[in-house]
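Residue numbers (this note's numbering), protein chains in the order written: chain A, 1 to 592; chain B, 1 to 234; chain C, 1 to 277.
It should be emphasised that the hints constitute simulated quantities derived from the structure, not laboratory data.
Using N, Cα and C, we set each Cβ at its ideal position, and we do this for glycine too.
One thing to keep in mind: the hints can contain errors.
[As the list claims (entries may be wrong)] Here are the simulated lysine-lysine pairs, DSS-like style, with alpha carbons at most 30 Å apart:
no., chain 1, residue 1, chain 2, residue 2
1, A, K450, C, K67
2, C, K177, C, K133
3, C, K256, C, K133
4, C, K133, C, K180
5, B, K183, B, K50
6, B, K50, A, K553
7, C, K79, B, K27
8, C, K256, C, K180
9, C, K133, C, K239
10, C, K67, A, K523
11, C, K133, C, K79
12, C, K177, C, K239
[As the list claims (entries may be wrong)] Using C-beta positions, here's what the derived DEER-type ranges look like:
no., chain 1, residue 1, chain 2, residue 2, range
13, C, T109, B, S76, 19 to 27 Å
14, C, E167, B, W90, 52 to 60 Å
15, B, L138, C, Q106, 56 to 64 Å
[What the hints assert, rightly or not] A short list of chain A residues far from chain C (calculated; beta carbon distances all over 10 Å):
no., residue
16, L54
17, L57
18, H88
19, W130
20, A140
21, G246
22, R368
23, V439
24, L448
25, F515
Letter by letter, the chains look like this.
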Amino acid sequence: MVDIPYEGIRGIPPAEVPDVELYHPRSWWTRYVFSQDAKVIAIQYSLTATAIGLVALVLSWLMRLQLGFPGTFSFIDANQYLQFITMHGMIMVIYLLTALFLGGFGNYLIPLMVGARDMVFPYVNMLSYWVYLLAVLVLASTFFVPGGPTGAGWTLYPPQAILSGTPGQDWGIILMMSSLILFIIGFTMGGLNYVVTVLQARTRGMTLMRLPLTVWGIFTATVMALLAFPALFVASVMLLLDRLLGTSFFMPSLVEMGTLSKYGGGSPLLFQHLFWFFGHPEVYIVALPAFGIVSDLISTHARKNIFGYRMMVWAIVAIGALSFIVWAHHMYVSGMFPQFGYFFATTTLIIAIPTAIKVYNWVLTLWRGDIHLTVPMLFALGFIITFVNGGLTGLFLGNVVVDVPLSDTMFVVAHFHMVMGVAPIMVVLGAIYHWYPKVTGRMLNEALGKFHFWVTFLGAYLIFFPMHYLGLLGVPRRYFELGDATFIPSSAHSLNAFISVVALTVGFSQLVFLFNLAWSLFKGEASGGNPWRATTLEWQTPETPPGHGNWGKELPVVYRWAYDYSVPGAAEDFIPQNQPPRATQLVQGAAS
Amino acid sequence: MSAVILFLTVLAVIAGWWLSQQRLTAKPWLEEGPAGDFPGGDAMAWPAAKVGLGVFLAVASALFVLFISAYSMRMSVVDWRPLPVPRLLWVNTGVLVLSSVALQWSYVAARRHDTEGVIIGLLAGGASAVIFLAGQLLAWQRLGAAGYFVASNPANSFFYLLTAVHGLHLTGGLVALGRTSAKMWRGAEIAEMRLSVELCAIYWHFLLLVWLVLLGLLTGWTDDFVNICRQLLS
Amino acid sequence: MAVALILLLVAIGSVLFHIYSPWWWTPIATNWAYIDHTINITFWITGFVFVAVIAFMAYCVFRFHHKEGRRADYNPENKRLEWWLSVGTGVGVAAMLAPGLVVWHQFVTVPADATEVEVMGQQWQWSFRLPGKDGRLGTSDVRNIASDNPMGLNRDDAHAQDDVVIESGELHLQVGKPVKVLLRSVDVLHDFYVPEFRAKMDMVPGMVTYFWMTPIRTGTFDVLCAELCGAAHYQMRAKVIVDEEGEYHAWLDQQKTFAELSPAKAVVKATYQSGGK
Ligand code: HEM
Ligand SMILES: [Cu+2]
Ligand SMILES: [Cu+2]
Numbered sequence: 001m002v003d004i005p006y007e008g009i010r011g012i013p014p015a016e017v018p019d020v021e022l023y024h025p026r027s028w029w030t031r032y033v034f035s036q037d038a039k040v041i042a043i044q045y046s047l048t049a050t051a052i053g054l055v056a057l058v059l060s061w062l063m064r065l066q067l068g069f070p071g072t073f074s075f076i077d078a079n080q081y082l083q084f085i086t087m088h089g090m091i092m093v094i095y096l097l098t099a100l101f102l103g104g105f106g107n108y109l110i111p112l113m114v115g116a117r118d119m120v121f122p123y124v125n126m127l128s129y130w131v132y133l134l135a136v137l138v139l140a141s142t143f144f145v146p147g148g149p150t151g152a153g154w155t156l157y158p159p160q161a162i163l164s165g166t167p168g169q170d171w172g173i174i175l176m177m178s179s180l181i182l183f184i185i186g187f188t189m190g191g192l193n194y195v196v197t198v199l200q201a202r203t204r205g206m207t208l209m210r211l212p213l214t215v216w217g218i219f220t221a222t223v224m225a226l227l228a229f230p231a232l233f234v235a236s237v238m239l240l241l242d243r244l245l246g247t248s249f250f251m252p253s254l255v256e257m258g259t260l261s262k263y264g265g266g267s268p269l270l271f272q273h274l275f276w277f278f279g280h281p282e283v284y285i286v287a288l289p290a291f292g293i294v295s296d297l298i299s300t301h302a303r304k305n306i307f308g309y310r311m312m313v314w315a316i317v318a319i320g321a322l323s324f325i326v327w328a329h330h331m332y333v334s335g336m337f338p339q340f341g342y343f344f345a346t347t348t349l350i351i352a353i354p355t356a357i358k359v360y361n362w363v364l365t366l367w368r369g370d371i372h373l374t375v376p377m378l379f380a381l382g383f384i385i386t387f388v389n390g391g392l393t394g395l396f397l398g399n400v401v402v403d404v405p406l407s408d409t410m411f412v413v414a415h416f417h418m419v420m421g422v423a424p425i426m427v428v429l430g431a432i433y434h435w436y437p438k439v440t441g442r443m444l445n446e447a448l449g450k451f452h453f454w455v456t457f458l459g460a461y462l463i464f465f466p467m468h469y470l471g472l473l474g475v476p477r478r479y480f481e482l483g484d485a486t487f488i489p490s491s492a493h494s495l496n497a498f499i500s501v502v503a504l505t506v507g508f509s510q511l512v513f514l515f516n517l518a519w520s521l522f523k524g525e526a527s528g529g530n531p532w533r534a535t536t537l538e539w540q541t542p543e544t545p546p547g548h549g550n551w552g553k554e555l556p557v558v559y560r561w562a563y564d565y566s567v568p569g570a571a572e573d574f575i576p577q578n579q580p581p582r583a584t585q586l587v588q589g590a591a592s
Numbered sequence: 001m002s003a004v005i006l007f008l009t010v011l012a013v014i015a016g017w018w019l020s021q022q023r024l025t026a027k028p029w030l031e032e033g034p035a036g037d038f039p040g041g042d043a044m045a046w047p048a049a050k051v052g053l054g055v056f057l058a059v060a061s062a063l064f065v066l067f068i069s070a071y072s073m074r075m076s077v078v079d080w081r082p083l084p085v086p087r088l089l090w091v092n093t094g095v096l097v098l099s100s101v102a103l104q105w106s107y108v109a110a111r112r113h114d115t116e117g118v119i120i121g122l123l124a125g126g127a128s129a130v131i132f133l134a135g136q137l138l139a140w141q142r143l144g145a146a147g148y149f150v151a152s153n154p155a156n157s158f159f160y161l162l163t164a165v166h167g168l169h170l171t172g173g174l175v176a177l178g179r180t181s182a183k184m185w186r187g188a189e190i191a192e193m194r195l196s197v198e199l200c201a202i203y204w205h206f207l208l209l210v211w212l213v214l215l216g217l218l219t220g221w222t223d224d225f226v227n228i229c230r231q232l233l234s
Numbered sequence: 001m002a003v004a005l006i007l008l009l010v011a012i013g014s015v016l017f018h019i020y021s022p023w024w025w026t027p028i029a030t031n032w033a034y035i036d037h038t039i040n041i042t043f044w045i046t047g048f049v050f051v052a053v054i055a056f057m058a059y060c061v062f063r064f065h066h067k068e069g070r071r072a073d074y075n076p077e078n079k080r081l082e083w084w085l086s087v088g089t090g091v092g093v094a095a096m097l098a099p100g101l102v103v104w105h106q107f108v109t110v111p112a113d114a115t116e117v118e119v120m121g122q123q124w125q126w127s128f129r130l131p132g133k134d135g136r137l138g139t140s141d142v143r144n145i146a147s148d149n150p151m152g153l154n155r156d157d158a159h160a161q162d163d164v165v166i167e168s169g170e171l172h173l174q175v176g177k178p179v180k181v182l183l184r185s186v187d188v189l190h191d192f193y194v195p196e197f198r199a200k201m202d203m204v205p206g207m208v209t210y211f212w213m214t215p216i217r218t219g220t221f222d223v224l225c226a227e228l229c230g231a232a233h234y235q236m237r238a239k240v241i242v243d244e245e246g247e248y249h250a251w252l253d254q255q256k257t258f259a260e261l262s263p264a265k266a267v268v269k270a271t272y273q274s275g276g277k
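So that you can see chain A by itself, here it is in the shape it has in the complex:
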């Protein structure tokens, strides 16, 4: 399509949003370290999350070594195993995925995609990162304190979490809860930014229905997180008081190592309700940004508009709302009032419907597309497979009575790794290959990328698909060693060894990726501003990487939705959102 200068059409004035007083870095320190620029904060978030995520990855190797070859590695004992699973789970879910999707991708993409100069409260945004960093450091410090990190499981269930039968019941658990509290405070600061920026700082013409799904996903997830994290906050504070001051919020009268404890009357189930009131939405806090991002990856690389955009938006909103009334599906065998089972099974399975619609729309977008099998596209396809797989096994666990035999077995471990471990990681990796050119101005190496994809995708599938069957067999989770149980055949041990070998392979193959990231930064092919020929605003910045303030002198004006790919009659197979319509096309839409 030919570029038409502004004045050519209907004299639309350029955006006259009064330039917000943009903060200006004065020194190297305020430019790169204590920066208030969302793009810098995004990178800080991403690097920190990746660093602590690598710790969690190493922990998973240690766990897999133990599970695959029990008794071989004398440096792992039962206590440490529990500490490893706890730290691994907590880091992966909260400090890696939540922080990366919202703090990393959210910070980078929201202002650019909605056409803003920055987040609306840059100072608070900066604080958010530093509090997050503090939370990460406090968490990491538990590896070095007396007694080590807590081994209570990432669910931190009392009474066990704060009693002496559990490793890390002194410093470990206290610091863990302190770190969570810090994380939540930091996140709330950031979250206010993401939400208000979407609400208030969209550029002219950027109506809600013109937002890319990435923004919809991150926005909805942030709203959910803002409402769900307080539950974890409440639970952590109360558990901390139980531990430090001897209150009995969650602690019933009990015998601790042979002596009657000082506690009495508290309710362990109360903690579980609070925890899962946060914990279930948390699953979608990780999933919704992934949903949004993957929609954009698929659309861009299949050169086709996302199929059923409106349904996609409604589904995101519906999933966000529904996910607040399903929390007790994690508690079917917790001993709660059994009649709740009917309600929570029903709501849980209802969520499957909007979720399924999203899956259909992703694959329908491929239909009659022009599919470029780029690395981001491959990761998107990998995401669909792993997500469908994990989503479907979710139907087992959500259906009360089916959950009874499967809960707390390796089936659960396989399920949640597939759906909220592997699937979102696929999206994270795909998104990095997709947006790296915008962040750095250089492409990642494609051959290395493809290698990385196949090893990671097939490997992860080989790790977690067979694991379901161990769970079906009855192998429980959080077991240091299976010991001898007549129902476990020796073939199960061989399978465990196989899984461990694959896990190590997949783990080490990530070095290729890290190498690619570092190498391409200097040696990668120059990408230009819009290497994927994408429509959304972040690709239309005057500079790449985008400069401070994102847009040069004038904010962009948006004329169309985010998915004008392969519009009939248009010369190119994409029309950027800020491209004004041709005068003749003004009244009539392109097609329907």
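Add chains B and C with the ligands to chain A, keeping to what the hints say.
Using the frame of chain A, we list chains B and C with the ligands on its own:
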């Protein structure tokens, strides 16, 4: 958890109402052209800080409602012995009301461009908030002296916990109030300060409301009220 | 196209793995075959969806991957198609949910003729208790726990005196008799888990939880703990032995009641009290 569900329902209604104004059923691919052609769906007109405060109040309410949910679930266990609410709390409540009124006054003055009124209101509001906090500490001290310790009964634990959380929120507010007052003091343009004063006032009213709810809970009035509701429902 | 083929192979491979997997659930030992049936229904429905979605995706990749000159269709939505897919999904979901809820109803409805058995968990061992001659379990409290009263039974409760207390870590059950398993913990969460029984439930200190079942075949089964309970969680084992009626009674006769296990003084006191009433 019924309190939380109720709260979320209210939020969902508000969000749903707002979304219904955003033309979520429009077919965006048919709507090519500048935004003005399609009314609705523009960014919010409110200043960012005000939207931000609104969102923050929703988060803070979620926090308090969750504490309240926990309270009501824990309360039903037999070991619960309600503690006598110190008289002092009534005085404190009065002080907090005064504080709110003072800030409202300040806001009204700001609209009337009455610099002196604004400063007086802010200072009075800040001072009475500090007195309120001191009063709360005094109430703690009296309870402690009377043998009601944090860990001796869940009712006590919740009393200290809820008042502490409320107090911390107020302390946070005092920081914002302090910054606003300092700016006023240094002679900032009143038109620039109007928003800050308004936001302080809103936050204060919110904390007053939260305090009244907590007070109702701690004195057991809400309890009676909820019981009546339960009976009506079942 | 290699990519399309690999994607398809992932789906086919998964199905084949499912069919030929040597790892499958243990032979069932209780009436909860219903649960297995529900799982099977779920496998059929989800398996179909899984293969359908991935096969479709693989086909798209095969058929529509980029070639010189290809241009994608412009196709924002298709209300009818989306509508049908949603309805179809709804039906599939209902087909899984309905049997699930029916079986859940059975699961939470304990038959009147079920006899009670108590399982108590503590770090990291199991104790069991049977109601004894009077058919009722006596009350208990963690405050009563002492070395001579590991289950914390109430000495003043007459019903507790004849309760059979089993500390050996082997519980016997009679085949064909429904039992209501009452679950209790004195320290942290545990979960009484016998894979062959399918049923399981957490044990929560301060509460008594339960499930019920009818053993349908004799045998010896491993008891595991399925809720993380601290360092030796993985070693918390016991055995359940399902017997024919005769063997069961032979075993039961050898067991000691609470009164027999208690020091003499306590017994006297207890008989005195119950006698006095
Ligand atoms: C290839 C990568 C990974 C491997 C090999 C791996 C392996 C493991 C293993 C062996 C366990 C312990 C199972 C048990 O004994 O119960 C575990 C637990 C867990 N993993 Fe991963 N994991 C990986 C990635 C992830 C990711 C990306 C997430 C993010 C959601 C995640 C979340 C968790 C959680 C939440 C737990 C449960 C911890 C607990 O039981 O408290 N993992 N993982
Ligand atoms: Cu959930
Ligand atoms: Cu255990």
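Hints versus structure:
1. A:K450 to C:K67: Given pair A:K450, C:K67 holds - Cα atoms ~19 Å apart, limit 30 Å.
2. C:K177 to C:K133: At roughly 17 Å apart (the allowed maximum being 30 Å), C:K133 and C:K177 satisfy the hint.
3. C:K256 to C:K133: Cα-Cα ~12 Å, so holds.
4. C:K133 to C:K180: Distance of about 17 Å is within 30 Å: holds.
5. B:K183 to B:K50: Holds. B:K183 to B:K50 sits at ~19 Å (cutoff 30 Å).
6. B:K50 to A:K553: Within the cut-off at roughly 27 Å; holds.
7. C:K79 to B:K27: Given pair C:K79, B:K27 holds - Cα atoms ~12 Å apart, limit 30 Å.
8. C:K256 to C:K180: Distance of about 21 Å is within 30 Å: holds.
9. C:K133 to C:K239: Holds, at roughly 24 Å.
10. C:K67 to A:K523: holds (29 Å)
11. C:K133 to C:K79: violated (68 Å)
12. C:K177 to C:K239: Since the Cα atoms of C:K177 and C:K239 sit roughly 18 Å apart, the hinted pair holds (cutoff 30 Å).
13. C:T109 to B:S76: 19 to 27 Å: holds (25 Å)
14. C:E167 to B:W90: 52 to 60 Å: Between C:E167 and B:W90, where Cβ atoms are some 57 Å apart, the hint holds.
15. B:L138 to C:Q106: 56 to 64 Å: holds (59 Å)
16. L54: Consistent with the label, A:L54 stays out of reach of chain C, its closest Cβ about 25 Å off (over 10 Å).
17. L57: The claim stands: A:L57 keeps its Cβ more than 10 Å from every Cβ of chain C (closest is about 22 Å).
18. H88: holds (14 Å)
19. W130: holds (34 Å)
20. A140: holds (23 Å)
21. G246: The claim holds: A:G246 sits with its nearest Cβ about 16 Å from chain C, beyond 10 Å.
22. R368: violated (4 Å)
23. V439: Fine: 25 Å to the nearest Cβ keeps A:V439 off the interface.
24. L448: holds (17 Å)
25. F515: The claim holds: A:F515 sits with its nearest Cβ about 24 Å from chain C, beyond 10 Å.
When held up to the earlier numbered hints, the structure conflicts with 11 and 22 and fits the remainder.
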